[in-house]
Amino acid sequence: MVLLLAAACVALVIGSLVSDQFAEQTVAGLATGGIFGSLALALVLIYRATEVINFAQGQMAMFTTYIAWQLMQWGIGYWGAFVLTLGIAFAGGVALLAFALGAVFVRDWTFERMGIKQAGGGVIAVVIVTIGMLILLEGAAAWIWSPEIKSFPSAFPTRPIRVGGVAFSIQDLGTIGVALGSVVVLWVFFQFTKVGLAMRAAALRPFAARLVGVRVNAMLALGWGLAAVLGAIAGLMIAPTIFLQPTMMDTILIYAFAAAVLGGIESPAGAVVGGLALGVVLNLLGTYVHFVTSELRLPVALGMLLIVLLIKPTGLFGHRVVRKV
Amino acid sequence: MLAAALVALAATVTGATARTAADPGITNDSILIGGTFPLSGSASLYGAIPVAEKAYFDYVNDTRGGVNGRKINFKYVDDGYDASQTVPAIRQLVEQDKVFAIVNALGTAPGLAVRDYLNERKVPQVLLATGDSFWGFQYKKYPWTIGYNPSYPGEGTIFAKHILSKTPQAKVGVLMQNDPFGQQLLAGLRRGFAPNSKSRIVDVEPVDVTAPDVSQQLLKLKASGADTLIIFTTPSPSIKAFVTAAKINWHPQIYVSYVSASPLFMGAIAKAAGAAAVDGTITTSYVKDATNPGEQNDPGVKLFEQIMAKYYPKGNIADANLIYAMSVAWTAVNALQRAGKTPTRQGFMNALTSTNTAANPFLLKGVRLQTSKTDHFFIEDLTLTKWANGHWNAFGSFYHHAR
Chain L
128 MVLLLAAACV
138 ALVIGSLVSD
148 QFAEQTVAGL
158 ATGGIFGSLA
168 LALVLIYRAT
178 EVINFAQGQM
188 AMFTTYIAWQ
198 LMQWGIGYWG
208 AFVLTLGIAF
218 AGGVALLAFA
228 LGAVFVRDWT
238 FERMGIKQAG
248 GGVIAVVIVT
258 IGMLILLEGA
268 AAWIWSPEIK
278 SFPSAFPTRP
288 IRVGGVAFSI
298 QDLGTIGVAL
308 GSVVVLWVFF
318 QFTKVGLAMR
328 AAALRPFAAR
338 LVGVRVNAML
348 ALGWGLAAVL
358 GAIAGLMIAP
368 TIFLQPTMMD
378 TILIYAFAAA
388 VLGGIESPAG
398 AVVGGLALGV
408 VLNLLGTYVH
418 FVTSELRLPV
428 ALGMLLIVLL
438 IKPTGLFGHR
448 VVRKV
Chain G
265 MLAAALVALA
275 ATVTGATART
285 AADPGITNDS
295 ILIGGTFPLS
305 GSASLYGAIP
315 VAEKAYFDYV
325 NDTRGGVNGR
335 KINFKYVDDG
345 YDASQTVPAI
355 RQLVEQDKVF
365 AIVNALGTAP
375 GLAVRDYLNE
385 RKVPQVLLAT
395 GDSFWGFQYK
405 KYPWTIGYNP
415 SYPGEGTIFA
425 KHILSKTPQA
435 KVGVLMQNDP
445 FGQQLLAGLR
455 RGFAPNSKSR
465 IVDVEPVDVT
475 APDVSQQLLK
485 LKASGADTLI
495 IFTTPSPSIK
505 AFVTAAKINW
515 HPQIYVSYVS
525 ASPLFMGAIA
535 KAAGAAAVDG
545 TITTSYVKDA
555 TNPGEQNDPG
565 VKLFEQIMAK
575 YYPKGNIADA
585 NLIYAMSVAW
595 TAVNALQRAG
605 KTPTRQGFMN
615 ALTSTNTAAN
625 PFLLKGVRLQ
635 TSKTDHFFIE
645 DLTLTKWANG
655 HWNAFGSFYH
665 HAR
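Residue numbers (my numbering), protein chains in the order written: chain L, 128 to 452; chain G, 265 to 667.
Check the hints yourself; a few may be wrong.
Unchecked claim - So, partial list: chain G residues that the calculated Cβ filter (under 8 Å) puts toward chain L: (1) Val-466; (2) Thr-474; (3) Leu-483; (4) Val-507; (5) Gln-601; (6) Gly-604.
Hint data in this document are derived by calculation from the structure and do not stem from the laboratory. A virtual CB, placed ideally from N, CA and C, is assigned to each residue, including glycine.
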């Protein structure tokens with residue numbers, strides 16, 4: 128797998144040296160892919176923590192980006208707003224988990240009172256709650272900030288830089304850097320810190336983890352909080368190009384799902400690589416394969432995803448999970 | 265004797281019905297009209313339009329006591345820009361609320377979804393907020409339907425004419441939204457370039473309205489050698505196109521459809537990507553612009569601002585959709601006034617299809633609203649306008665018969 132990826136990277140580099148347009152398309156694709164990857168990473172974190180696909184991930188990212196905008200409107204500088212937003216996002220992520228679990232709890236309690244017997248369904252119930260949150264957050268954003276399109280400042284200069292006659296956008300390069308940076312930071316966190324180890328334990332064997340003193344619920348909350356932070360970063364990176372709108376993340380989330388599955392739904396590195404790969408493949412397909420017109424780009428990309436999953440059902444970086452039944 | 269009694273009874277009955285036989289939505293002191301708009305969902309940035317229309321109707325009610333002594337009530341309903349929601353919403357308005365007419369309902373697909381129903385029930389479906397040319401052309405089959413916005417192909421043709429007259433050597437690249445909206449604009453552009461449209465248009469890049477970004481299309485257009493970029497997309501992809509062009513250091517002459525040219529968007533793009541990203545952009549126009557310093561003393565702009573301040577203070581006057589909305593409301597009131605002392609649906613349609621006035625205060629001087637039994641195109645006069653110094657600046661003479 129690593130060999131295959133290395134080969135793909137070499138091919139991209141050679142292509143970029145040969146053709147300016149190829150280079151530009153690749154970098155732009157990596158930048159869009161970086162956004163898919165960041166959001167996919169958030170999905171993976173939540174999946175690892177609670178085995179739930181969070182359908183509200185895109186709207187969480189959108190909402191936190193609006194919060195950053197609001198902070199800047201109140202006169203806080205970009206970086207101040209950036210840091211504050213990440214903090215608020217973390218708290219919001221934890222609160223949403225509490226909300227989702229609380230909603231399920233209330234349902235169970237009500238059913239019990241009504242004498243309705245029903246078996247588990249915990250995961251499905253939480254997934255449905257995330258869909259509810261999706262609608263709620265989108266409506267709330269439109270209500271608070273109006274659906275009017277708003278511009279959003281960029282962390283990076285908007286001017287391009289020239290490398291050997293090819294103009295690259297500094298914004299794009301910055302986005303790629305941030306996506307790769309977040310996965311490295313997360314990897315270090317999971318591999319080399321005690322809390323990271325505890326999180327992995329809580330996700331893998333919650334019962335055993337609890338026995339050795341890991342506070343499993345706190346770890347789950349931490350997972351949701353981190354996911355919300357990653358979503359906020361994705362939102363802050365993409366907003367300067369696509370502007371603020373309550374619906375800004377709707378389609379991006381679909382690509383992020385694809386990226387997460389492509390990478391193997393449990394692998395953080397896989398999510399980012401999956402996102403980057405998807406971004407580049409979409410751009411190069413659209414540019415060089417002429418029958419792939421814009422309406423065919425997504426189906427073709429998803430078709431390729433299907434082929435990858437047929438050959439390697441666990442995704443690029445996933446590994447087989449054996450469950451005793 | 266019995267027969268005479270029956271005749272007398274019949275006479276009283278018909279007499280009674282004749283006295284109260286007003287069309288639905290009309291009472292002695294009120295007129296109820298309705299419309300569907302995307303107050304939520306992907307197109308919710310148009311959600312301010314009905315609010316501005318209601319503001320104008322309220323102004324007419326307060327200052328003139330409505331139309332012929334009847335106050336206008338405007339009921340607007342959310343359809344989320346989703347035709348499957350439009351159908352029940354329109355049925356609700358017609359069957360339960362008993363509206364007199366559907367005015368300025370927004371969107372092509374939503375409009376198409378209820379066109380047969382409204383024509384069958386003989387309910388006016390008028391002044392629609394969409395610029396597809398078939399609203400105007402298919403009047404024989406759908407006599408109860410009439411559009412309002414300038415036709416999209418008409419605008420495409422005007423761009424072609426301007427390019428041919430000013431920069432005949434231009435190499436044109438088109439970013440086209442991959443739906444009937446973008447296709448109609450492109451068809452109009454090709455018609456304007458005919459018979460040489462193949463050699464003038466060097467590349468057409470389609471884009472889906474929901475595409476997360478347009479960098480692939482923009483890079484390809486840049487690589488095609490185009491020196492003129494025509495943006496035939498709705499606001500969200502258009503904004504991405506402007507920002508992306510600046511990002512990849514491409515500065516062609518840009519033309520953008522009036523649909524996406526609100527000063528609100530242009531200002532936001534300039535703020536995010538620099539003034540150079542939008543300066544020199546050309547579009548067509550027919551409504552006045554409250555952000556243009558040159559139009560500050562215009563009575564229409566002043567009236568607009570005055571109504572906004574009183575009835576819709578939360579609205580943003582830089583949003584071109586709002587003054588557009590008031591121009592629609594003005595046109596509706598104008599037709600109601602001519603629809604008879606007790607307006608009927610047929611009378612309202614007759615009035616709308618015999619409009620001939622240049623007095624709409626919210627439209628640019630030079631725009632004449634002219635319709636007839638066989639001309640169902642409301643706005644056919646457009647002027648070109650160029651973005652500079654933070655606002656649009658109309659130039660050149662009007663183009664007529666844009667359809």
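Comparing the hints with the structure gives:
About 15 Å separates the beta-carbon of Val-466(G) from the nearest beta-carbon of chain L, more than 8 Å, and the hint is not met. Among the interface hints, the one on Thr-474(G) holds; its C-beta lies about 4 Å from the nearest C-beta in chain L, closer than the 8 Å criterion. For Leu-483(G), the suggested interface contact is upheld, since its CB lies about 5 Å from the closest CB of chain L, less than 8 Å. Given hint, Val-507(G) at the interface with chain L, holds; its Cβ is 5 Å from that chain's nearest Cβ, closer than 8 Å.
Hint status for Gln-601(G) relative to chain L: violated, with the closest Cβ pair at about 33 Å, above 8 Å. The interface hint given for Gly-604(G) is broken, as the beta carbon of that residue sits about 39 Å from the closest beta carbon of chain L, more than 8 Å.
Hint compliance for this structure: hints 1, 5, 6 are broken, all remaining hints hold.
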